[in-house]
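Count along the sequence shown from 1, then add 35; that gives the number in this note's numbering.
No lab work stands behind these hints, which were simulated from the structure alone. If a hint is listed, it holds; no wrong ones were tucked in.
Dumping the calculated PhoX-like pairs for lysine-lysine here, alpha-carbon to alpha-carbon at most 25 Å:
| # | residue 1 | residue 2 |
| --- | --- | --- |
| 1 | K93 | K75 |
| 2 | K57 | K88 |
| 3 | K131 | K37 |
| 4 | K120 | K131 |
| 5 | K88 | K37 |
| 6 | K69 | K102 |
| 7 | K44 | K102 |
| 8 | K69 | K37 |
| 9 | K69 | K120 |
| 10 | K79 | K120 |
| 11 | K69 | K57 |
| 12 | K37 | K57 |
| 13 | K93 | K120 |
| 14 | K67 | K120 |
| 15 | K75 | K88 |
| 16 | K75 | K85 |
This structure is a prediction, so every number in the text was calculated from the model and none was measured.
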Amino acid sequence: MKSILYCNKWISEEEFRENTDKYITINPIENKEKILEHLKQTEKGPMCSKPVKDPFTKKIIYPYTCKYEEGEYGWYNLYIYLFEKYNLRLDDNFIKNVLDNK
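I would like the entire structure built from these sequences, with the hints used as guidance.
Spelled out as structure tokens, the structure:
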């Protein structure tokens, strides 16, 4: 299972906070709303009781961690939040697949 991140790596809140410039883009994300809608509408998979926190404010944004899977790709609800709020960089092939199937 590949991560949807541009680096195909699975990251934690701590990894994101410590290396933010590596994982975000300051450029506007084309078709961001369509991609975000897709990420949120995919059926949820396994969950665990660990809450998801904003890497900077430490505020709990989800009461549990949830994994989403679709085809060869997977992502956590943390990635949805980071994409929406901080412009998390996603894998170009994943984005192409999402937009081609919309």
